[in-house]
Amino acid sequence: MTLTATIEGIGFWAPGVPSWEAALALVRDGTRVDNAPSRPSPQLLPPNERRRAPDSVAVALDVALAASTAAARDPKTLPSVFASMHGDLAITDYMCATLASQPDAVSPIKFHNSVHNAAAGYWTIGAGAMVPATSLSAYDATFAQALIEACVQLATGAEAVLLVAFDAASTGPLAKVQPSAGLLGGALVLSRGDRGPRLSLSLGDGTVGEPAGALASCAPHNAMRPMLPLFDALAAGKPHCTLRAGPGRVLDVEILHG
Amino acid sequence: MPPLAIRAFTATSALGRGLDAHRRALREGRSGLRRNDFGAQPLDCWIGRVDGVEDEALPAEWSQWECRNNRLAWIALQQDGVLDAVRNAIAQYGAERVAVVIGTSTSSIGATEEAYTRLITDADGTPNFPADLQRPIIHTVHSPGDFVQHATGARGPAVTVATACSSSAKVFAQAARLIEAGLADAAIVGGVDTLCGSVIYGFNSLQLVSKNPCKPFDATRDGLSLGEAGGFAVVERAQDGDVGLQLRGYGESSDAHHMSAPHPEGLGAQFAMRDALARGGVDASDVGYLNLHGTATPANDRAESLAVKAMFPDTLHASSTKAYTGHTLGAAGIVESVIALLALESGELPGTLGASTPDAICGPQIRFASTAQAIRYAMNNSFGFGGNNCSLLFGRSA
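These protein sequence lines map, in sequence, to chains A and B.
Here our numbering is used: position 196 in the first sequence is 198, and no number is missing along the way.
Here our numbering is used: position 62 in the second sequence is 167, and no number is missing along the way.
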């Protein structure tokens with residue numbers, strides 16, 4: 003069984019690589035952006051919320067808007083699949099530490115930001131998108147499973163789908179058990195059209211090692227790094243990559259560059 | 106959409122384990138809520154707690170996944186022939202063709218909360234999780250999906266949907282797509298969510314927890330009662346001549362309004378319900394029972410009642426069953442789908458336990474008393490934080 007999709011737009015953010023253009027430059031000739039910001043400033047949110055947004059939300063909304071813009075698609079028309087291995091580990095750390103010391107002091111805003119679909123929620127609110135949004139995790143197979151779901155949505159009727167993958171840094175005692183460092187986000191607008199690189203996906207048995215490309219070297223300890231073989235392949239014009247898809251399972255991705 | 110046959114289904118909640126326990130409690134109008142006795146210093150409220158979870162460790166082979174949430178998943182998996190149905194699907198199609206799509210809101214965060222109350226400080230002053238809780242898989246969202254995948258042996262696409270309280274309704278939609286697109290021939294869907302500090306004190310911080318048993322759609326409703334539950338269904342492509350319960354439609358939407366408050370007129374809810382009906386090719390007047398999301402918070406019930414009034418004729422029997430089970434969060438979708446399926450099967454349509462004073466905002470569709478009437482279609486609404494909505498349409502093949 004093979005799934006297909008066309009990539010109409012790409013968004014990317016990693017430490018020192020604050021856009022897809024920066025990613026292309028890094029992969030092409032090793033050029034790095036001087037004074038890259040330490041955190042994205044998601045333009046979809048009003049200025050006061052931009053500063054207050056959790057890191058996970060900031061990176062997700064930044065790459066989602068970049069991919070939509072690159073695809074010249076109105077964000078409010080795009081059903082979305084948000085993929086994160088952990089949601090926001092810093093908020094989990096806050097919630098657990100507060101509950102252990104003073105449970106009735108839990109912040110209501112931290113609580114509603116603690117849901118795994120917080121980024122999806124802020125995105126639909128900011129974009130005015132009343133179309134379906136989902137949020138999912140499959141541990142280190144999260145990106146591959148979300149890519150499958152996005153392509154399955156195309157196969158069952160959607161014209162274009164926004165796929166957004168991200169994870170943030172873990173903090174506190176939780177960080178030793180669930181290590182994740184830095185901020186990483188990638189987004190794709192996938193469609194049934196024909197303007198852009200074509201992906202063909204097939205699920206099979208196997209294992210995938212640690213990502214090793216140029217982009218992988220920018221976020222080697224982030225929980226969403228299993229997405230990086232695809233972004234490295236897209237940036238370098240490679241025809242193939244494999245993604246972790248679960249215990250003993252891999253997603254083979256053939257790429258026909260347009 | 107091509108109908109999906111439901112080969113097995115089950116729920117375990119404060120009403121008990123499995124379908125019979127749910128049938129009995131619904132028939133008797135008996136609530137599973139009790140005064141909060143969860144945690145060291147229980148908040149003054151009522152909860153829907155599953156008896157015996159703390160006494161039943163996972164079998165040794167699954168000890169890596171040991172925690173309250175996966176225990177409840179395991180208890181629920183063993184009811185009503187669900188594991189047999191999964192085995193049959195694997196035997197018929199192959200393990201690679203059976204998908205796992207599980208919904209949760211808080212997953213096993215109760216285990217992470219416990220670790221923070223038992224931190225061990227090492228020689229250089231760094232706090233660490235106690236040794237028995239240093240298991241990464243129980244401190245992450247995919248814990249229940251990963252557990253169900255390993256416990257059933259299914260090897261198809263496997264994922265945990267985490268869209269707060271719509272999670273385990275959306276799993277039906279995702280599974281339907283996976284099967285329609287040819288990625289799987291069958292799927293185990295469902296969800297599990299257990300009581301934990303994060304939800305009790307989190308909803309309390311939003312001033313959404315009632316001090317009393319919840320009263321959905323009552324004019325004096327003042328908040329929700331939290332609960333825990335697990336439930337599953339095994340679905341596959343319906344065959345010609347199939348007899349039995351089916352998923353006929355699903356609808357998903359976003360409110361695009363607020364992180365923790367619904368669209369005031371229930372516009373997103375209407376989109377989800379309309380889409381489910383359209384996908385099933387069913388007219389609103391043909392729906393006999395609607396299990397409402399009906400959390401018993403003033404704003405949620407108001408928005409949902411407006412959405413229902415705008416869409417359905419007066420003949421619809423709609424009710425909230427939250428005062429039976431409590432609001433089981435990420436498990437609400439599967440538990441209330443199971444209740445809708447039972448209503449479809451038997452024609453026994455539950456009323457809204459806990460409610461006695463009608464709210465003028467509610468249309469005649471919202472019923473407080475139970476009734477008996479054969480129906481052709483049943484629906485379930487599940488709405489979550491982030492304005493995330495899902496409606497499911499169930500039917501029966503004669």
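Just so you know, the hints here were simulated from the structure itself, not pulled from any lab data.
Wrong hints could be hidden among the right ones.
To be verified - List time: in silico DSS-like cross-link candidates among lysine-lysine, alpha-carbon distance up to 30 angstroms:
no.	chain 1	residue 1	chain 2	residue 2
1	A	112	A	78
2	A	78	B	316
3	A	178	A	112
4	A	112	B	316
What the hints assert, rightly or not - Every beta carbon over 10 angstroms from chain B, so not counted as near; a handful from chain A, in silico:
no.	residue
5	27
6	33
7	223
Even for Gly, the Cβ is constructed at its ideal location relative to N, Cα and C.
Hints and how they fare:
1. At roughly 26 angstroms between alpha-carbon atoms, residue 112(A) and residue 78(A) fall within 30 angstroms of each other, so this suggested pair holds.
2. A C-alpha spacing of about 39 angstroms is found between residue 78(A) and residue 316(B), which places the hinted pair above 30 angstroms, so the restraint is violated.
3. Distance restraint check for residue 178(A) and residue 112(A): the Cα-Cα separation of roughly 22 angstroms lies within the 30 angstroms cut-off, and the hinted pair is therefore satisfied.
4. With a CA separation close to 23 angstroms, the supplied pair residue 112(A) and residue 316(B) stays within the 30 angstroms bound.
5. Residue placement check: residue 27(A) keeps its beta carbon more than 10 angstroms from all beta carbons of chain B (closest about 34 angstroms).
6. Remark: the non-interface label on residue 33(A) is consistent with the geometry, its nearest Cβ contact in chain B lying 36 angstroms away (cut-off 10 angstroms).
7. With a closest Cβ-Cβ approach of about 14 angstroms to chain B, residue 223(A) is found to remain outside the 10 angstroms limit, as its non-interface label requires.
In summary, the structure is inconsistent with hint 2 from the numbered list given earlier, while agreeing with all the others.
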